[in-house]
Amino acid sequence: MADAYIFDAVRTPRGKGKKDGSLHEITALSLATQVLEALRDRNGLDTSKVDDVVLGCVAPVGEQGSDIARTAVLTADYAQSVAGVQINRFCASGLEACNMAAAKVMAGEADLAIGGGVESMSRVPMGSDGGAWPTDPTSAFKTYFAPQGVSADLIATLYGFSRDDVDAYAVESQTRAARSWAEGRFKKSVVPVKDQLGLTLLDHDETVRAQTTMQTLASLSPSFTMPGEMAFDAVVTQRYPQVEKVNHVHHAGNSSGIVDGAAGVLIGTKAMGEALGLKARARIKAMASIGSEPSIMLTGPEFVSRKALQRAGMSVGDIDLYELNEAFAAVVLRYMQALDLDHAKVNVNGGAIAMGHPLGATGAMILGTMVDELERSDKQTALINLCVGAGMGTATIIERV
Amino acid sequence: MENFKIDVDADGVALVTFDVPGRTMNTLTASVIREVGEVVERIKTDAAIKGAVITSGKTTGFCAGADLGELGAQAPGGAGGSKEDALRATFDAAFALNKAFRALETCGKPVAAAINGLALGGGLEITLACHYRVVADAPKVQLGLPEAKVGLLPGAGGTQRLPRLMGVMAAAPYLLEGKSMKPAEALAAKVVHEVVAPDQVVEAAKTWVKTKGDPVAPWDKKDFKIPGGGPYTPGGAQVFIMGNAMLRKQTYGNYPAQMNILKAVYEGLQVPIDAALRIESRYFVKTMSSPQAKGMIRTLFLSMQELGKGSGRPAGVPHYDVKKVAVIGAGMMGAGIAYVQAMAGVETILIDTTQEAADKGKGYAQGLVDKAVKRGKMTAEKGAAILALIHPTADYDQVKGSDLVIEAVFENRDIKAEVTKKAEAQLAETAVFGSNTSTLPITGLAKASVRPANFIGIHFFSPVDKMGLVEIILGKETSPETLAKSIDYVLKIKKTPIVVNDSRGFYTSRCFGTFVQEGLEMLAEGIAPAIIDNVGRATGMPRGPLEMNDDVALDLSYKITEQTKKDLGDKYEERPFSPVVEKMVVELGRLGRKNGKGFYDYPTDGGAKRLWPGLSELVPVKTADADQALIEEIRTRLLYRQAVEAARCFEENVVTDPREADVGAILGWGFAPWTGGPISLIDGVGAARFVETCDQLAQKYGARFSPPQILRDMAAKGESFYGRFAAKAKAA
Chain U
15 MADAYIFDAV RTPRGKGKKD GSLHEITALS LATQVLEALR DRNGLDTSKV
65 DDVVLGCVAP VGEQGSDIAR TAVLTADYAQ SVAGVQINRF CASGLEACNM
115 AAAKVMAGEA DLAIGGGVES MSRVPMGSDG GAWPTDPTSA FKTYFAPQGV
165 SADLIATLYG FSRDDVDAYA VESQTRAARS WAEGRFKKSV VPVKDQLGLT
215 LLDHDETVRA QTTMQTLASL SPSFTMPGEM AFDAVVTQRY PQVEKVNHVH
265 HAGNSSGIVD GAAGVLIGTK AMGEALGLKA RARIKAMASI GSEPSIMLTG
315 PEFVSRKALQ RAGMSVGDID LYELNEAFAA VVLRYMQALD LDHAKVNVNG
365 GAIAMGHPLG ATGAMILGTM VDELERSDKQ TALINLCVGA GMGTATIIER
415 V
Chain L
2 MENFKIDVDA DGVALVTFDV PGRTMNTLTA SVIREVGEVV ERIKTDAAIK
52 GAVITSGKTT GFCAGADLGE LGAQAPGGAG GSKEDALRAT FDAAFALNKA
102 FRALETCGKP VAAAINGLAL GGGLEITLAC HYRVVADAPK VQLGLPEAKV
152 GLLPGAGGTQ RLPRLMGVMA AAPYLLEGKS MKPAEALAAK VVHEVVAPDQ
202 VVEAAKTWVK TKGDPVAPWD KKDFKIPGGG PYTPGGAQVF IMGNAMLRKQ
252 TYGNYPAQMN ILKAVYEGLQ VPIDAALRIE SRYFVKTMSS PQAKGMIRTL
302 FLSMQELGKG SGRPAGVPHY DVKKVAVIGA GMMGAGIAYV QAMAGVETIL
352 IDTTQEAADK GKGYAQGLVD KAVKRGKMTA EKGAAILALI HPTADYDQVK
402 GSDLVIEAVF ENRDIKAEVT KKAEAQLAET AVFGSNTSTL PITGLAKASV
452 RPANFIGIHF FSPVDKMGLV EIILGKETSP ETLAKSIDYV LKIKKTPIVV
502 NDSRGFYTSR CFGTFVQEGL EMLAEGIAPA IIDNVGRATG MPRGPLEMND
552 DVALDLSYKI TEQTKKDLGD KYEERPFSPV VEKMVVELGR LGRKNGKGFY
602 DYPTDGGAKR LWPGLSELVP VKTADADQAL IEEIRTRLLY RQAVEAARCF
652 EENVVTDPRE ADVGAILGWG FAPWTGGPIS LIDGVGAARF VETCDQLAQK
702 YGARFSPPQI LRDMAAKGES FYGRFAAKAK AA
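Protein chains in written order, with my numbering: chain U, 15 to 415; chain L, 2 to 733.
For the record, the hints were derived by calculation from the structure and aren't laboratory data. One or more hints might be untrue.
Derived EDC-like pairs: lysine to aspartate or glutamate, alpha-carbon spacing no greater than 16 angstroms straight-line [claimed, not checked]:
#  : chain 1 : residue 1 : chain 2 : residue 2
1  : L       : K401      : L       : E348
2  : L       : K610      : U       : D334
3  : L       : K496      : L       : E307
4  : L       : K183      : L       : D224
5  : L       : K598      : L       : D552
6  : U       : K259      : L       : E574
7  : U       : K299      : U       : E243
8  : L       : K211      : L       : E348
9  : U       : K259      : L       : E430
10 : L       : K560      : L       : E412
11 : L       : K250      : U       : E243
12 : L       : K250      : U       : D334
13 : L       : K325      : L       : E430
14 : U       : K299      : U       : D332
The shape of chain U in the complex, shown without the other chains:
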């Protein structure tokens, strides 16, 4: 089986995912197109050599529907021979897209492929795609469905994280993100988004708040108390009867931000890289996805990380840097508790609490961030993973070459 190498990774900056966000006036298709164009132009890529483009997208309806990956291939003026496929593994779609691109390379289906993702959450709001899971009584009942925020609060309750714990984590995320931007740690992969005239519209992540403190966060009220008390606390305590009362600690300031953005990662065989003069920056060492209990939903990272480590023949201590999407503060706190990780090794450049989580794209974004960071800090191995709706988890282990 061939090895899969990462040659390049690009991402857009993340715009606030609301009507007043900078990227609201740019179509999702344009975001995806600009990412593909950047990958081509930075690398002088002969696009006819790209076999497939896999893009994650979680609300693939409206302008994001109808296979946005193939559509973007065509609008980016890639060779028409390049295929495109849109996939959905909820929050891990972007990483799953990269894993699939890598798998195609490993399996010999492709020599060169792009994995990535796109989500304009301001233009196609979360949940626009509907879906049976929470709506159909058959699946909602069977899975003890609760909204993710209630699940995150359940994690905090079960594993003993107080409001202060989650807020302190959020402050640190903002601090790290601000420092990383100040030090230019993201400049290798961030490609400014251009408007219809080709003028730069946004060149930085729009939601970072360097000034965040425990005091500023203290004024925010928990977001999930009301739906929890109406019904969902009762649902999760039926599944987790050891909980007497769910402690609602998450709010807008310690949960991932709603943003717009896109990302792409160029992946291929060593031989193709050499033929095209592309420098291999990292090797995909292992990949994994898992399912776990869907009601608590967001504890999958522990399990998927262990699975990926096992497949790589590695142990927790062999990884230099851990990156776990900051869906909610308690998700990362639980992960560090479960794997006994030092926060100094986890999410070193901040995460989605500060910079936002464009659902379909985030996985590809943080994979790129880790490639950059391994090089910057001269480290060898990184494990990238995300918690995923309905109890799933997706992970990738990379090593520098």
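Put chain L on the given structure of chain U with help from the hints.
Just chain L now, kept in the frame of chain U:
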């Protein structure tokens, strides 16, 4: 046709009068369902008929829906043929009504319903298949789909037409809780089109047929939209997402009927009405064949009805019309009994040791009556007349002339004996003496009586005005006449009687006690208290066992344990939880809800109770997490512990009729209604499997789970309690 009469007037409007012969109320019998088809055929094909009005020939109401007795007797699937053929036949039978009503809806001529009385279940559903509904403006008229209350699903279009008329959110309480609506509410909700004076109903319906008569249902029109939207509209999705969670919150997933109703609505609203009705019929069959539906129909409807007619009453004793009753002891129980008696028109002497105490007892009735008058539920005159029936006094002479005495004094043998003597001195030889004791054996109490044949246990439940059950306990010498008279009394005050034989705790207190004790056993084992009560509630019991202990009061449990210890002597087996309860009561003064601290702390500001943090120091937690297997085991322990005790009561002849055991359990101590009662639970599981599980539990947790011989015999012979009982009744 025997059930419908058709009169065509000069304008060509056919008046279809629904009048099932030989019944006081119209129900949808098999013959009615057949004839609906004939009615539709006539309306459709008779050129002289321009349109139709359907009304009822009964003064009792329009139609009360399906005949649950007939429905309950139907065994799903026929004999012979493959399983699939049998299931298909069951579906076809269930779909017949939907098909007939749909044919009415699509007959091509306008059909109006003139609803001149209550229309429930199938009775409402036939009107929903009409194109126009006029309702009589009368206080007794109610419209509703009560199926869910007895574990059934409205299977004649109700789950489809009601949400299409009023929207999913508005229809939910009517479909899922069986709530009914008054004419004005139905009009506001757009379920009916007109509310008119009762004598105008047919005329108004005819006028619509003649002047506006549109023969197309809203959902058969091209531009039809579900009010509030279907499942995949922004508004509609929220209704389902929230609705699914609320339903789990309320039902813990114990009730297939509610679950299937929601599924039928969700799936049905996404397709045209014809397909929707097929989906509904499938879920109807699925619900109907669940053990929950069988148990609930039997216990909550059929058995309740039978016991409510005095099925346990010895034959041949003339009806005993109780006119005057003395209630001794004006505490909480006595005061409640006095109130329900007065409500039933029974003259009541309410006795206590002082006039003041007796007056205070009457004050309870006064409070309830005042509340009813204030809310407009009772006239001031009626309230005054009711209160005038209660005579508070400290004078035993007033007992004279009473047909019955209810003794409701403190649970102390000596006090009870004294009261018995004092009252009997005033009583005629034919009068009955009833003791409202919840634990003391009747035969022992009867020793104080000069007429033990007239002595009986009449056990009420608290609060008396809300609890529908009365447990009648036969002492060794209690005569059949006394039993018959007592049943007549219980029926007169509108309660449901069950009859049991003497034993410690009788039937209800004894079985209920096992539930709270099993919770204490779990606590002593080190299972986290939150797990015990959360899973306890999820079994369908009204409260978890620990909070139930708090509600009953821990000092009471402690006293009962001490009394039992004394009574049983060497035979008493000390339980690991006893020192815990003793410490809470004696050392810590944690008595339960009544003093604001028990297993829970009860904030004085009325906030939600929280588990007492000190409990984990008193009883260290060894099991802090609950996986599905543990949840399942706790659930089984809590339910089976009660059920095996109920089976023991059969073995010991404490109860003899499974209907009484099941009704008594649900009405008396709130045993999980979805089971149909502990005996239905055992029958539903099957004796063999029940015995096997109990043996496993006995091995793990002790002999209290050991199944009695009667269950082993039933398991060996493949019998059920209800089967045995029916056979016995037939033989007798």
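Structure-based check of all given hints:
1. K401(L) - E348(L): holds (12 angstroms)
2. K610(L) - D334(U): Outside the cut-off at roughly 48 angstroms; violated.
3. K496(L) - E307(L): holds (13 angstroms)
4. K183(L) - D224(L): violated (30 angstroms)
5. K598(L) - D552(L): holds (11 angstroms)
6. K259(U) - E574(L): violated (36 angstroms)
7. K299(U) - E243(U): violated (44 angstroms)
8. K211(L) - E348(L): violated (57 angstroms)
9. K259(U) - E430(L): Given pair K259(U), E430(L) is violated - Cα atoms ~60 angstroms apart, limit 16 angstroms.
10. K560(L) - E412(L): Holds, at about 11 angstroms.
11. K250(L) - E243(U): Holds, at about 10 angstroms.
12. K250(L) - D334(U): It is violated: about 45 angstroms lies between the C-alpha atoms, which goes past 16 angstroms.
13. K325(L) - E430(L): holds (15 angstroms)
14. K299(U) - D332(U): holds (12 angstroms)
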